[in-house]
Amino acid sequence: MADRTARVSWEGSLLEGSGTIEQVGSGAFGPLPVSWAARSEAASGGKTSPEELIAAAHAACFSMALSSGLAQAGTPPERLETSATVTFVPGTGITKIALTVDGRVPGLDDEGFRQAAETAKENCPVSKALAGVGEITLDVSTS
Amino acid sequence: MPRIERTAAITWEGNVARGTGSISAGTGAFTELPFSLPVRVGAGNEGKTSPEELLAAAHAGCLAMGLASELTKRGTPPGRLDVRCVVRMDEVEGKGHQIVHSTCEVTARVGALDAAGFEDAVRVADEECPFSALIRASAEVTVNARLEESDG
Numbered sequence: 001m002a003d004r005t006a007r008v009s010w011e012g013s014l015l016e017g018s019g020t021i022e023q024v025g026s027g028a029f030g031p032l033p034v035s036w037a038a039r040s041e042a043a044s045g046g047k048t049s050p051e052e053l054i055a056a057a058h059a060a061c062f063s064m065a066l067s068s069g070l071a072q073a074g075t076p077p078e079r080l081e082t083s084a085t086v087t088f089v090p091g092t093g094i095t096k097i098a099l100t101v102d103g104r105v106p107g108l109d110d111e112g113f114r115q116a117a118e119t120a121k122e123n124c125p126v127s128k129a130l131a132g133v134g135e136i137t138l139d140v141s142t143s
Numbered sequence: 001m002p003r004i005e006r007t008a009a010i011t012w013e014g015n016v017a018r019g020t021g022s023i024s025a026g027t028g029a030f031t032e033l034p035f036s037l038p039v040r041v042g043a044g045n046e047g048k049t050s051p052e053e054l055l056a057a058a059h060a061g062c063l064a065m066g067l068a069s070e071l072t073k074r075g076t077p078p079g080r081l082d083v084r085c086v087v088r089m090d091e092v093e094g095k096g097h098q099i100v101h102s103t104c105e106v107t108a109r110v111g112a113l114d115a116a117g118f119e120d121a122v123r124v125a126d127e128e129c130p131f132s133a134l135i136r137a138s139a140e141v142t143v144n145a146r147l148e149e150s151d152g
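Those protein sequence lines, which keep their order, are chains U and P. Using the working numbering, you'd call the opening residue of the first sequence number 1 and step up by one each time. Using the working numbering, you'd call the opening residue of the second sequence number 1 and step up by one each time.
Since the hints were made in silico from the structure, they are not lab data. Just so you know, these numbers come straight off a predicted model, no measurement behind them. Check before you lean on any hint, since a few could be wrong.
[Unchecked claim] With a cut-off of at most 20 angstroms between alpha-carbon atoms, the simulated PhoX-like pairs for lysine-lysine come out as follows:
hint, chain 1, residue 1, chain 2, residue 2
1, U, K128, U, K96
2, P, K95, U, K121
3, U, K96, U, K121
4, P, K95, U, K128
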């Protein structure tokens, strides 16, 4: 069992106010400023947002699950490069998550890697928690 | 409605037990944060983040903005909100590791709002926070809230 904590403060209304991701339990990041404008407009102004943090969580979780699956199959990866892009429609919610992964896995062909990546996408804990997202896509390549 | 895209990128090297990864945000707000499996599932954190910590930050941010919006709609924008979320991952029999809880504590300073009105605003903010709605697929979401005396 693992508990992970984060603390956020906010001052003022949604549109005119602003907030800060003050602290996370590990101390790995923060304080980070957040605002509605940075969250809901194409230009972020260099500010993070809940959707970017979800992208980071999903990409990290998927990478660990894939690494685990590959190691269990006897073909641990040398390197995985993963990205997750979360699409947010204000007023509607999170409509899509697009995962991409490029892997260097000695002794495994492209099809084997694609299957391992599909399994990781189905089973990683963040994928299960976000199963309500309408569309989660996966784009796989090897190098 | 605009479609807003936010991206994060990961590099992972090695197998899951001994490998390590790093996380960078598309906006540049954070770069090359290290993470690893022992830290993810262990009690200590060695200063490393994890998917669950990132989700805790996302959930607290989402709730804070949702509550700021809801309070503003009611004509009582908040002076200050503090939101703390704890995300728990646990091994569930027959299902492997799952995210089982997000437990959030909200403290608010809001002028001219009674406790019942505040509780209702918190309930609506939780219902409308897109992240709260999503993670209910596997997790129980609890939001406890209290009003602080306004000092202004």
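Each hint, compared with the structure:
no.: 1; hint: U:K128 to U:K96; in the structure: 14 angstroms, holds
no.: 2; hint: P:K95 to U:K121; in the structure: 15 angstroms, holds
no.: 3; hint: U:K96 to U:K121; in the structure: 14 angstroms, holds
no.: 4; hint: P:K95 to U:K128; in the structure: 10 angstroms, holds
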